[in-house]
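Residue numbers (the working numbering), protein chains in the order written: chain A, 1 to 112; chain B, 1 to 111.
What the hints contain is simulated information worked out from the structure, not anything from laboratory work. For glycine and all other residues, C-beta sits at the position ideal for the given N, C-alpha and C. Treat the hints loosely; a few may be bogus.
20 Å max Cα-Cα, derived DMTMM-like pairs, lysine to aspartate or glutamate [what the hints assert, rightly or not]:
| hint | chain 1 | residue 1 | chain 2 | residue 2 |
| --- | --- | --- | --- | --- |
| 1 | B | Lys42 | A | Asp3 |
| 2 | B | Lys59 | B | Asp84 |
| 3 | B | Lys42 | A | Asp38 |
| 4 | B | Lys42 | A | Glu42 |
| 5 | B | Lys42 | B | Asp55 |
| 6 | A | Lys31 | A | Glu56 |
| 7 | A | Lys31 | A | Glu72 |
| 8 | B | Lys59 | A | Glu98 |
| 9 | B | Lys42 | B | Glu56 |
| 10 | A | Lys57 | A | Glu42 |
| 11 | B | Lys57 | A | Glu98 |
| 12 | B | Lys58 | B | Asp84 |
| 13 | A | Lys31 | A | Asp59 |
| 14 | B | Lys42 | A | Glu22 |
| 15 | B | Lys58 | B | Glu83 |
| 16 | A | Lys31 | B | Glu45 |
| 17 | B | Lys59 | B | Glu45 |
| 18 | A | Lys31 | A | Glu79 |
| 19 | B | Lys58 | A | Glu56 |
The following label-pair restraints were derived from C-beta to C-beta distances [to be verified]:
| hint | chain 1 | residue 1 | chain 2 | residue 2 | range |
| --- | --- | --- | --- | --- | --- |
| 20 | A | Arg70 | B | Glu15 | 38 to 48 Å |
| 21 | A | Gly14 | B | Asn20 | 43 to 53 Å |
| 22 | B | Asn20 | A | Lys17 | 42 to 52 Å |
| 23 | A | Lys57 | B | Gly16 | 21 to 31 Å |
Beyond 10 Å from chain A on every Cβ pair, some chain B residues (computed) [to be verified]:
| hint | residue |
| --- | --- |
| 24 | Asp17 |
| 25 | Ala32 |
| 26 | Tyr36 |
| 27 | Glu45 |
| 28 | Thr51 |
| 29 | Glu56 |
| 30 | Thr65 |
| 31 | Glu70 |
| 32 | Gly71 |
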Amino acid sequence: EADIYQTPRYLVIGTGKKITLECSQTMGHDKMYWYQQDPGMELHLIHYSYGVNSTEKGDLSSESTVSRIRTEHFPLTLESARPSHTSQYLCASSGEGEPPLHFGNGTRLTVT
Amino acid sequence: ILNVEQSPQSLHVQEGDSTNFTCSFPSSNFYALHWYRWETAKSPEALFVMTLNGDEKKKGRISATLNTKEGYSYLYIKGSQPEDSATYLCALSGSARQLTFGSGTQLTVLP
Numbered sequence: 001e002a003d004i005y006q007t008p009r010y011l012v013i014g015t016g017k018k019i020t021l022e023c024s025q026t027m028g029h030d031k032m033y034w035y036q037q038d039p040g041m042e043l044h045l046i047h048y049s050y051g052v053n054s055t056e057k058g059d060l061s062s063e064s065t066v067s068r069i070r071t072e073h074f075p076l077t078l079e080s081a082r083p084s085h086t087s088q089y090l091c092a093s094s095g096e097g098e099p100p101l102h103f104g105n106g107t108r109l110t111v112t
Numbered sequence: 001i002l003n004v005e006q007s008p009q010s011l012h013v014q015e016g017d018s019t020n021f022t023c024s025f026p027s028s029n030f031y032a033l034h035w036y037r038w039e040t041a042k043s044p045e046a047l048f049v050m051t052l053n054g055d056e057k058k059k060g061r062i063s064a065t066l067n068t069k070e071g072y073s074y075l076y077i078k079g080s081q082p083e084d085s086a087t088y089l090c091a092l093s094g095s096a097r098q099l100t101f102g103s104g105t106q107l108t109v110l111p
């Protein structure tokens, strides 16, 4: 049973469109993360948040933005999608200390 | 950015065989080492989090060891089964407490 939910699972969209990838968790975790993965490549951290109204950029530069208005919700937005944004986006959350990450099922984004 | 390397990149084994993979990482700035299993069409699932040099953890037929001084961790699967087929990811938590992932080892267990 999933405790962290991502929607949509798949998205095909044209260049220039604004999109928002949704991520919600029901575990009350303060820490949430967005990872990007290109085929055959590593997961790269693009955004993270340690609590409400706290967001930081990760190791990999990304044109996307995030917000954290509520503990359970961490949406990612692309204002103007481009083919270079085609990738898989994974959301994750974790509790205090050094616990493992809980991942969502991911969103596979294709920008045509 | 920390460099986490996994080998082999992919591996095919017969059902019943035992196998192991390697995760190498810089030994400085080490805080914790994570292992995840990622099955196709599912989300990555945590297997182990290890923090101490010499740590050994076990979960059923899967076990892992950690050597922080030389910067490596091994993941072992005893008696592989087709349901073990997945990509196995390791990730390093360094001083910044962010996870840096390796590119994974893709395991296929043939019946």
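**Message:** Are any of the numbered hints broken by this structure? If so, which, sorted upward?
**Reply:** Hints 5, 9, 18, 19, 23, 25, 26, 27 and 28 not satisfied by this model.
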